[in-house]
Amino acid sequence: MFVVLRVLPGDPAKMLLPEGAPQSAVDELNRHLGLREPLHVQYGIFIRSVFRGDFGQSFQYRAPALRVVTERLAATAQLALAAMFLMGAVGVSLGIVAAVRRGTRYDLASTLFAVLGQSLPNFWLGIMLILLFGVALRWLPTSGFESWRHLILPAVTLAAFPTALVARLTRSSMLEILGRDYIRTGRAKGLAERAVVLRHALRNAAVPVLTVLGLQVGTLLGGAVITESVFAWPGMGKLVVDAIFFRDFPVVQTVLIFSATIFVLINLLVDLLYTVIDPRIRYS
Amino acid sequence: MTDLFVTDRSLGAGPPTSHRRPLNAPAVIGGLLLALTVLASVLAPVLSPSDPVKPQFSRRLAPPWGLGGTPAHVLGTDNLGRDILARLLHGGRISLALASVSVLIAAAVGIVVGLVAGSGGERVDALFMRLADVQLALPVIMLAIAIVAVVGTSPAALVGVLALSGWVLYARTVRANVLTIRRLEYVEAAYTLGASDLRIVVRHILPNTLAPILVIGSSQFATMVLLESGLSFLGMGIQAPQPSWGLMLAEGRDYLSNAWWLATAPGMTISLVVLGANLLGDGLRDLLDPRLG
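Line order of the protein sequences matches chains A and B. First residue of the first sequence? That's 1 in the working numbering, and the numbers climb one at a time after it. First residue of the second sequence? That's 285 in the working numbering, and the numbers climb one at a time after it.
Calculated directly from the structure, the hints in this document are not laboratory data. All residues carry an ideal CB built from backbone N, CA and C; glycine is no exception. Each hint should be verified, as a subset may be incorrect.
Ranges between beta-carbon positions, derived for each pair [stated by the list, open to error]:
1. B/V326 with A/E146: 46 to 52 angstroms
2. A/L215 with B/A440: 27 to 33 angstroms
3. B/D417 with A/L108: 36 to 42 angstroms
4. A/R102 with B/A440: 46 to 52 angstroms
5. A/T211 with B/P491: 39 to 45 angstroms
Short derived list, chain B residues pointing at chain A, Cβ under 10 angstroms [as the list claims (entries may be wrong)]:
6. G530
7. I554
8. S555
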């Protein structure tokens, strides 16, 4: 709870910070939003209304910004969860395989994948996937939000970068653990390799991996902005890009508050998960 | 002769790893890739076959050379008949310059904040680190969107956004280093000899934090290039008709079914640059700090 309380109050300030920037922008904003009060007063009003659940009216949709954003939340959540699943499942298993078979071609392939995954810009990867599976092979739909088949390409696109990161980190974390004495003890007393790797090593390697998984939620939320634009996925990311071009500030603000809150909450969850995975970690 | 010199240096100045692995393949490949792109971008006006901005409608959507195109336009032309190679080269000038400037500003700000937070009082430290927390709680793209929404798109705004996204990493690393280093005996010795705080920070602490800074800088260059092209792709960075890799990708997206090269060429260029910077960063890390993995 401590972490949330310390981090959360600062976030809305961040949303408002740009408004304090240059005079021309402030004037324009004033005209748009009817903001004439000094910044700290505005900020106070803003915070108060946010806590009342009032995020302002969307200029573009002529509806409460909160409702506009929550309507799009499900699509982004679906995409982010699918990507999260890929990231956890593919990233962690690639990392384990690379660590267990260190120096073999599996290791090389996994490392290669990780390096590539971190170098391909996700908007380009998305376009190339569209070109390959949508335009050339015609296997998968390239845009829209209808069936699970529509989810595949965006989810892969969104997951590529964080998956690569998770794979690399799992590998190095596992390698470190696999060199420990208790792993040798486990092997010496005749445990199956599977049990050694999955129960003894993985569990101990999990804490740093989990930390990064949590931090990658930020990458997912940011990546969703681009991925959703590439695939015309009707989520928060596409909404915020459109909102910028319409100068729809209440919507932009609301999306920012939502994404910061989600990020902080998930990382809090990760902090709490530590105690489950590693009982030695306790919070007082 | 040259060999001797190199060996001497690596023995004298480098940590043991450089001795064990005299040539770090990823770092060399990455460095070469980067150097090549930087050189090509710098020489863009000389190398470009034609004007990167002026449309020439008579040669719209010409395919690359060898795929039905002519050697006059090696990578083909875009929807306005502009040579893609020329646009890539000129776009590289903008993208790479923006990324470099942003990395430098981010590093400068981050280092100063880190030094101040690490060597200043507890309050200063707490203030800066909370600020860093807040910064980390927002995805960079979202932050960029917030800024662009208000100040609009300009190269200066773009550099601001990029630098703002980058300083935290340096600040945290430098701070952590300062906290460790300032308890070491040689720093205490310097204090005893009457060195001022500033002198200790600049002469004794800063040089010892340079290795991680170099590593971060190199990897961050990759992130900056990605971010800049991502923002330009979304229409929030470099504006048409200026060439920018991200913008070229966005323009090429509409021609996927009949002119795939429009989006392919800039994407591959971005990937190569990012790959180069990542490899260089990884290689430097192995060389300078074997403990990091």
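Outcome of the hint check:
| no. | hint | verdict |
| --- | --- | --- |
| 1 | B/V326 with A/E146: 46 to 52 angstroms | 48 angstroms, holds |
| 2 | A/L215 with B/A440: 27 to 33 angstroms | 29 angstroms, holds |
| 3 | B/D417 with A/L108: 36 to 42 angstroms | 38 angstroms, holds |
| 4 | A/R102 with B/A440: 46 to 52 angstroms | 47 angstroms, holds |
| 5 | A/T211 with B/P491: 39 to 45 angstroms | 30 angstroms, violated |
| 6 | G530 | 7 angstroms, holds |
| 7 | I554 | 5 angstroms, holds |
| 8 | S555 | 5 angstroms, holds |
Comparing the model with each earlier hint shows a violation of hint 5 alone; every other hint is respected.
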